[in-house]
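**Q** Sequential numbering of the sequence shown, starting at 1, is according to my numbering.
Keep in mind the hints are simulated off the structure, nothing from the lab.
There could be a bad hint or two in this list.
[What the hints assert, rightly or not] Derived PhoX-like pairs (lysine-lysine); straight-line CA-CA distance at most 25 Å:
#, residue 1, residue 2
1, 49, 13
2, 54, 12
3, 12, 45
4, 54, 13
5, 12, 49
6, 45, 13
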Amino acid sequence: CCWALNHDRFVKKLISYGLDGIEVYYPYKRHRGIIKFTTARNIEKIADKYNLIKTGGTDLHGEIL
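Given the sequences, and given the hints that come with them, work out the whole structure.
**A** Have a look at this one:
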């Protein structure tokens with residue numbers, strides 16, 4: 001299953017396919033457990049390590065912006 005992959009290796013593999021950015025800022029904490037990146041800081045560290053563009057989610061699931 002993809003959730004058992006090492007995040008660093010997984011992102012590195014995606015970079016080999018052309019990945020140049022990753023969603024770092026994601027306000028919906030209940031989904032973080034599914035993704036298994038526990039904090040934005042963990043994702044940000046990987047983005048920094050590989051010099052990836054850091055993005056934020058732009059979809060809206062409620063009234064809070």
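**Q** So, for every hint listed, does it hold in this structure?
**A** Verification of the hints:
1. A hinted pair counts as satisfied when its Cα atoms are at most 25 Å apart, and residue 49 with residue 13 qualifies at roughly 14 Å.
2. Annotation: proposed proximity of residue 54 to residue 12 holds, straight-line Cα distance about 15 Å (limit 25 Å).
3. Under the criterion of a C-alpha separation no larger than 25 Å, the hint pairing residue 12 with residue 45 is consistent with the structure, at around 13 Å.
4. A hinted pair counts as satisfied when its Cα atoms are at most 25 Å apart, and residue 54 with residue 13 qualifies at roughly 17 Å.
5. Under the criterion of a C-alpha separation no larger than 25 Å, the hint pairing residue 12 with residue 49 is consistent with the structure, at around 10 Å.
6. A C-alpha spacing of about 16 Å is found between residue 45 and residue 13, which places the hinted pair at or below 25 Å, so the restraint holds.
The structure is consistent with each of the numbered hints, conforming to all of them.
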